[in-house]
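Take a look at the letters that make up each chain.
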Amino acid sequence: MKTDTVRTKRSFWQENRRSGGYLLKKNVKSGSISLFRWLLVFGLCFMIIQPLLMRLTTSFMIEQDLYDSTVIMLPRTATLDNYRIVFELLNLPKAILNSLWTSLLMAVCQVISTTLVGYGFARYDFPLKKFWFGCVVALIIIPPQTMSMSLYVFFTNFDIFGIFKAINGKPLNLRGSVAPYTLMSLTCMGLKNGLYIYMLRQYFRGVPKSLEEAAYVDGCGTLRTFFRIMLPDAVPIILSCFLFAFVWQWTDLFYTRNFLSSYSLLSNELNGIVTRMGHYFATTAGTAVIVPPARRAQLISIGVLICATPLIILYLFAQRTFVESITMTGTKM
Amino acid sequence: MRNIAARTGSSIWYAVSETARKLFDYLLRPFLPGKWNPEYYTMRSKNARRGVIFILPFIIGFIVFMLRPLLESLSMSFNVIEIVPGAGYNKTWNSFSNYRYALRVDSSFSGYLLDQIVRMLINSIATLVLSFVIAVILNQEFKGRTVARVIFFLPVILASGVLPGIEAQNDQFNIMQGMTADIASSSGFNLSESIQSLISVSGVASDVFDVVFQMIDQIYDIVMSSGIQIIVFLGGLQTIPRSLYEAADVEGCSGWESFWKITFPMVSPLLLVNGIYTIIDFFMKNDNTVVEYINTVMYTQFKFGESAAMSWIYFGVAALFIGIFSLIISLGVHYYED
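Going line by line, the protein sequences match chains Z and L.
If you're matching positions, the first sequence starts at 2 in our numbering and goes up one per residue.
If you're matching positions, the second sequence starts at 7 in our numbering and goes up one per residue.
Each hint should be verified, as a subset may be incorrect.
[To be verified] Here are the simulated SDA-like pairs of lysine to any residue, each with C-alpha atoms no more than 20 Å apart in a straight line:
#1 Z:131 <-> L:34
#2 Z:30 <-> L:260
#3 Z:166 <-> Z:176
#4 Z:27 <-> L:291
#5 L:97 <-> Z:158
#6 L:291 <-> Z:259
#7 Z:130 <-> L:48
#8 Z:130 <-> L:50
#9 L:28 <-> Z:166
#10 Z:131 <-> L:329
#11 L:149 <-> Z:166
#12 Z:130 <-> L:55
#13 Z:30 <-> L:259
#14 L:291 <-> Z:247
#15 L:52 <-> Z:126
[Said to hold, decoys possible] Sample of chain L residues lacking proximity to chain Z, with all beta carbon distances greater than 10 Å (derived):
#16 41
#17 317
#18 330
Think of the hints as simulated: they come from the structure by calculation, not from any bench.
The C-beta atom is built at its ideal place from N, Cα and C for all residues, glycine as well.
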């Protein structure tokens with residue numbers, strides 16, 4: 002008790018002298034490390050956030066503000082005119098609705114199939130397993146661009162062993178419907194599905210085998226074990242795969258351009274915004290004009306904002322699911 | 007003697023029948039009850055059946071939507087393709103001339119490809135280093151860590167699909183704004199530029215510094231493409247047992263030493279995964295010049311054979327780099343068994 006009171010009365014410098022300069026050195030070192038860390042983290046975070054803020058503020062500016070170097074970040078005269086133009090250019094309600102239901106449909110299909118496949122790879126020993134897993138790796142590595150032309154032709158003249166030809170007299174043309182991409186999603190061939198298979202397999206491999214063995218002993222069948230024992234525990238990782246699938250599908254351009262081009266999806270619309278702008282300005286001006294670059298930048302940033310906002314909100318709500326289940330599976334990649 | 011001759015003579019048939027038997031064993035036997043498969047009711051055979059049924063969607067998808075189109079596009083790359091309206095296309099064989107066209111005749115492709123490879127090398131090294139550093143920092147305790155984590159993983163969303171591509175169409179404006187910023191700051195003092203000119207004037211290892219400055223110029227792209235890598239590294243860092251650090255601390259290891267002796271070796275297996283992911287991600291981005299050019303050749307110039315050859319060259323280059331990278335990493339990686 003007595004020693005305690007003595008110690009508190011001693012000043013920092015006295016303490017420092019007692020420790021032979023060690024205390025000061027330690028404090029300076031940890032202080033400078035945390036300062037450096039703070040600077041680095043803050044700088045990088047700022048770099049990620051700044052373009053978003055920039056886009057948000059420029060979208061409210063009038064055109065002159067962008068040419069004016071004294072206008073930094075905050076608009077001098079705020080206007081909603083740009084938003085009006087974008088709403089006229091893009092068929093937004095329809096595009097958002099279409100994007101929503103296609104992304105949901107595809108994400109659900111992809112998650113169902115990849116969960117089954119991931120579980121199969123993690124738990125069962127079957128002939129050629131290594132070969133098929135090599136194929137999963139190939140699926141991750143091979144760019145889908147290599148196959149787009151061939152798939153285009155395939156879905157234009159779609160047929161299963163000549164059945165449709167026998168009934169209709171000609172093969173089905175599936176282009177322009179959701180069928181091709183749904184089929185691909187159901188068979189794990191959608192966007193980045195190799196990655197999801199990999200993640201899910203990693204997760205299922207980490208679950209103790211005794212759980213299933215106990216279920217088998219108690220008389221559970223394969224399917225029942227899977228649905229009653231394995232799935233409830235795997236909900237977080239499945240949810241995170243679903244979120245990834247949804248988000249990446251929402252912004253995806255390659256698959257939507259190739260297989261869903263007839264629907265006005267948000268990503269397709271956004272990609273065509275520049276050419277549409279040209280038409281729009283040409284029709285309002287009456288003659289062909291070049292879209293002023295500042296105007297163009299504003300409209301593009303509004304498009305990007307509209308596309309990204311729902312995803313950012315989703316991410317903020319489900320942030321834990323996104324990050325933690327990856328850290329869970331990432332352990333033994 | 008005669009026996010041996012007979013055996014070598016029939017070796018082809020032997021190989022064929024052996025392959026057929028193996029295929030039968032692997033693909034069909036587990037599913038056949040009765041005399042074909044006396045083991046039908048054993049656990050092993052049951053498991054094999056269940057496993058194959060579970061991965062059946064993948065098998066079908068891989069064969070129909072991947073292997074077949076892949077072979078088709080490979081054959082397209084060796085043919086002249088003519089589109090016949092309503093009935094697919096015709097091909098005529100012309101060996102390697104599509105490849106020759108892509109590499110020799112086409113004026114832009116090889117340039118884009120080389121440019122892409124150099125950028126890929128610089129970017130992926132920088133991405134790996136940066137994401138590792140960020141993961142180490144995010145793994146430490148400090149105020150506002152949760153917020154920092156949320157922000158650092160935001161690029162997973164912001165840098166996907168159409169979003170970075172549409173930015174590229176904004177070029178003209180970026181140049182313009184850069185010019186206004188230059189005019190505004192011409193009277194002032196620009197720190198990074200003066201450092202850059204100082205170093206390049208001093209002439210010490212200027213090539214190395216050029217690469218470093220190139221990395222610094224692209225830091226935005228690099229940070230935007232390192233979201234997943236940070237998550238993976240972070241996951242790896244969290245699995246390192248605390249007891250290792252405690253033991254090192256007791257033995258008098260400094261923080262710097264334990265970083266190189268514990269943290270780095272323990273996380274090094276993840277370098278492989280992350281490196282491969284980075285390379286693939288870079289090669290397949292939508293705003294990538296080569297991918298864009300291949301799409302242009304296919305959809306606007308309608309040179310299907312040539313574009314198929316280009317995508318195969320591109321894929322070959324990517325596979326080559328992934329192979330080299332895996333080789334280098336797997337030679338130096340340390341695996342920790344617990």
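Worksheet item: Which of the listed hints are not met by the structure?
Response: Of the numbered hints given earlier, those the structure breaks are 4, 9, 11 and 17, listed in rising order.
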